[in-house]
Every structure is written in C-alpha cells, then in structure tokens.
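Engineer: Kindly produce the complete structure, drawing on both the sequences and the hints.
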Amino acid sequence: MARGSREKDQYGIYYIRQQGSKSELLFRDEKDRREFLRILEDKKQRFGFKVYAYCIKLGEAYHLMIDANGSDISQVMKSMNISYALYRKSSGSLFRDRYYSKLLSDHEEVKGIFDQIHREGKDAADDYNSYCFYNEDKLRESTLVDTEDLTVLLHYQGTFRKEPTCPGCIESYEEAKKRLQEELQALKLEEKAFLKDKRLRNQKIWEFRKKTTLSLRELGDLFGGLSESSICKVLKNQET
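Residue numbers (the numbering used here): 1 to 240.
In short, the hints are calculated from the structure, not lab data. Don't take every hint at face value.
Said to hold, decoys possible - With a cut-off of at most 30 Å between alpha-carbon atoms, the simulated DSSO-like pairs for lysine-lysine come out as follows:
1. Lys102 / Lys44
2. Lys233 / Lys50
3. Lys50 / Lys188
4. Lys196 / Lys177
5. Lys43 / Lys102
6. Lys44 / Lys198
7. Lys210 / Lys44
8. Lys210 / Lys198
9. Lys178 / Lys211
10. Lys177 / Lys43
11. Lys31 / Lys102
12. Lys50 / Lys111
13. Lys43 / Lys22
14. Lys102 / Lys57
15. Lys43 / Lys89
Structural biologist: Shown next, in the form of structure tokens:
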C-alpha cells in the first residue's frame with residue numbers, strides 16, 4: 001500500500017513519535033539518550049524549530065511536540081534520525097518504519113498532546129522528559145525547551161488556522177532574491193554597500209522573515225552568507 005502524504009505547515013505545531021525496531025533497542029542506556037538530546041538541540045539551532053515537550057523513553061521510542069517555525073518538518077526529521085543512526089552505527093534497522101507526525105490544529109489538541117507526552121514520561125529520568133520543566137508550574141531554565149513561548153501557547157484559547165499561515169508570502173529563494181534586488185535598486189544601493197549597513201540589513205532580514213517562507217539557512221544565504229545562529233540573533237534583537 002502506498003504511503004499517504006503528510007499534512008505539512010511550515011509554521012505548524014506537530015506531535016512527533018518515532019519508535020525503534022523490534023530487533024534493536026532505540027535507546028540502550030543513558031549515553032544514547034544524552035546523545036539524542038544533544039542531536040535534538042543541534043538540529044534546533046540549525047533549522048530554527050521550537051521544542052515544547054519531549055520524552056526520550058529508554059529502549060523503545062521518543063515523543064516530541066515541536067513548532068516548525070518556518071522549517072520543513074520532513075527535512076528536520078530526516079536530518080535528526082540520520083545523525084542518530086550514524087552515532088549508533090547500527091548494522092540492522094534502528095527505526096520501526098517512518099516517524100509518525102500529526103499537525104495540531106487547536107488549543108485542545110496542543111494541551112492534550114502536551115499532557116500525553118508527559119504521561120508517557122512519568123517513569124523517565126528528569127533529564128529525558130520535559131515534564132521536569134513544568135512540574136508545579138515552575139518553569140526552569142532550559143536551552144532546549146522554549147518555556148516562554150510555551151507559556152503563551154498553553155494559555156491560548158483560540159483555534160490555529162488550517163489555511164496557509166503566510167498567505168501571499170514569497171515561497172522560493174529565487175523569488176526572494178529578485179525581490180531584494182528590486183528593493184535595493186529602489187533605494188539606489190549596491191549590494192556590497194547594503195550588506196555593510198548592518199542596521200538596514202537587519203531591518204530587511206526582519207521584513208523578509210515576515211513576508212517569505214524561507215528557512216533560516218536560506219535567509220542567511222540571501223543576506224551575505226550569515227549563519228543560522230546569526231540570523232536568529234538578528235531576529236531576536238529586532239523583536240526587542
């Protein structure tokens with residue numbers, strides 16, 4: 001039977017579940033789980049998605065609730081699973097089929113999945129279950145979990161839009177590059193001079209983040225080869 005196509009939204013919130021194969025444990029010990037969390041944090045920095053909840057179960061599976069935040073969820077999962085498989089150097093099949101993903105559509109689904117992931121992790125060590133960050137409503141510092149964003153999310157009572165979240169946005173790198181060149185021409189600016197003007201450059205990065213569906217990597221390439229972490233810093237500073 002042919003696999004059905006996944007429902008995708010570059011700005012959607014997803015529940016992700018990946019199970020290990022029947023022939024081999026997905027996580028054999030604490031070292032494996034620590035390495036997976038390191039990979040998860042590395043991919044978060046690379047792709048720019050947000051992590052709201054996770055449970056890394058010893059042996060069998062992992063569960064995630066993540067906000068794509070402009071990234072391609074298929075590319076995120078492919079990169080993450082390949083990195084973990086390379087670490088494991090497994091001779092057999094490490095994963096049981098492809099990962100399961102569900103695009104969450106409203107507050108009730110988000111809250112339900114959030115609680116479900118933490119029920120799954122009741123017996124997990126704190127370091128491998130994000131429940132420890134929210135127990136007794138005391139959010140703790142974390143480089144992986146976006147606690148401030150999650151606080152807003154869990155109190156949001158509306159329905160998440162199922163239509164495209166960026167209607168009329170520029171969807172390709174080539175189109176975005178053409179638009180930027182047109183805007184520079186209107187300002188009578190050469191590209192080299194524009195890139196040296198960090199104030200204007202950063203303003204344009206902010207504008208193009210809002211009016212395109214480009215990934216952080218593509219935005220970096222568009223604005224002179226900046227790294228994804230540099231783009232994140234620019235966006236954060238522009239918000240304040």
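Engineer: If you test the structure against every hint from before, which numbers come out violated?
Structural biologist: 3
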